[in-house]
Amino acid sequence: MLGSASLAALVLAYTAISNAHVFRPEVVPPAQEIAVAFTELVVGTRPPPVTEDQQHAAHHHHHSSDHVGTLLQQGVTLQASLAITAARVLFGLLVGAPLGILLGILMGWSRRADDYLHPMYVLLRSVPPLALITYVMLWLGHGEAHRLIPIVYAVAATMVIPAYHGARDVAFTYLVAARALGAPRWLLIRKVLVPAASPAILGGFRYAVAIAWMTAVGAEMLMSENGMGNLIVGGGLWASRSQTKADPAVVMVGILALAAAGWAMDALARSAAARLTRWAR
Amino acid sequence: MNGAAPALRTRATRAVLSLGVMAVVYGLAAEAGRGRLPDRVWLGTHYVENVQLLPPYRSLAEEGTFLVESGILTGSIAVSAGRVLLGFVLGAAAGILVGLWTGRRARAEYLAGPWVTFLQFTPALALLPLYVLWFGYGEISKVLLIATNVAVVALLGAHQGVRSVPRVYLDAASALGAGERLTFRKIVLPAALPHIFASLRIALGLAWVTIVVAELIDAQMPSLGYLLTLAGAYPRVPTMVIGIGTIGALVLAFDLLAMSLHVRATRWMRRAA
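For the record, the sequence lines run as chains A and B.
Heads up, the final residue of the first sequence is numbered 281 in our numbering, and it's a clean run with no missing numbers.
Heads up, the final residue of the second sequence is numbered 1273 in our numbering, and it's a clean run with no missing numbers.
Simulated from the structure, these hints should not be mistaken for laboratory data.
Please read all numbers here as calculations on a predicted model, not as lab measurements.
Where is the CB? At the ideal position from N, CA and C, for every residue including glycine.
Among the hints, erroneous ones may be present.
[Unchecked claim] If you anchor each label on the Cβ, the simulated ranges turn out as follows:
1) B:Lys-1186 x A:Ala-80: 51 to 61 Å
2) B:Met-1022 x A:Leu-102: 14 to 24 Å
3) A:Gly-3 x B:Phe-1066: 49 to 59 Å
4) A:Leu-7 x B:Arg-1040: 48 to 58 Å
5) B:Ser-1164 x A:Gly-75: 48 to 58 Å
6) B:Phe-1184 x A:Gln-73: 52 to 62 Å
7) B:Leu-1008 x A:Leu-175: 16 to 26 Å
8) A:Leu-99 x B:Ala-1253: 49 to 59 Å
9) B:Asp-1039 x A:Ala-80: 32 to 42 Å
10) B:Thr-1065 x A:Glu-144: 53 to 63 Å
11) A:Pro-98 x B:Gln-1120: 18 to 28 Å
12) A:Ala-20 x B:Arg-1040: 57 to 67 Å
13) B:Phe-1184 x A:Glu-144: 43 to 53 Å
Just need the whole structure built from these sequences, with the hints factored in.
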């Protein structure tokens, strides 16, 4: 109740302030301009100006570097960009999560593997994924790889930690009991280790989802000709010599869409986690 | 698990061994790669000549001495680390304060809830163009971007920390007549510390991710983000590798620092291991 009230209050306050001519509209775009940018980016066309008032508005819009117009000319729509970014995020999660979970379980399960692999992991994990983009590009060319590899890497590095702790903290008594009952190794792993580690892993997966989105958008902002990051900055930052001509209305539409998508994916991950660990309660 | 000396020595030996093997394998791969790896790379628009895809230690050392002697690397480290630290301190302070507040007061939680959820799922890097418009190309945008990123994570950590205080403790304290302030200082804050520190370690990693992108805006030379960009634009692989390695080493150093602070601040707790 109070929450929706505070949400409504801010939307109202923003509409009032942005229309009060306190700030320049290029800096704080009026709420209706954000709505217009949103509709235009979803529909994919700009309605022809009809009335004089709208003509004036359109003219005004063109004045501050026509970000929406450029995007529309390139055939960019909000939903298509979101789908592209979501596909990259999904790829990163599908490839990176199993890799990270395997490494984490291996290090948590075997003391020897932990001793040998953990130092390497700590060293590699310290490198921010986005720093790798240009290097990957030199190796694998100017394709999709330099956007996907940082996401995969970020997801994998994130998933190692919960899998490691989950596997290491399996109650010792469970293992002793299972061994005493004569469980062979694969049964021990399938029936004791994986179920016991899964709550931690599923909890960590929610972090990985958030980090995958952030890395995907960052990579697209730096070097990509499609996706949400590209929509927000209107062209790769590296390509454009670090000059952004972004229209704040587009940026805000992009941020709102990304927040909604991130929230939806998290809700999905949460309900899947609740379903998968139902036995724990 | 009883940190016996021999076990510790085995661990140390194995760590040195594995890192040593990694270093040697890299050196061998670099030597083997010379002449075998492509020297010309097509970059979408043009060819790049004389790329050392795996630079041998020799060129890394040369490039390293040049970067250090010219003051580029040391200057970049100072500038970037300064931005990260400033943004981190600002963001952590704001985030922890708000998080403690929303954790303690249900009304604050209802009030802030939607905002926290919104910010939590906004990839912070997406705010960069907006910050540039609002705060200009200078230092403020970069530091604020890091601070925003850190604040969200720290806020969630502090909030969860306060919420994880067992109800019994609070009931016992109030039954014994402890006031609001005493309860907060002696029970809530110490019990929330582990959560707060865990979130700060995550936030520190994110702060370094942010700086790599933030420093592309109004890019000026002494900064690690720009060093990486320049190295990528030429491209000069030894510079790239040194830049990546430097950022990695800094992240590692900051992480170790945060961890030792964590251990110190929670020394009063009994540990299982």
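List in ascending order the numbers of the hints, as given earlier, that are violated by the structure. 8 and 10
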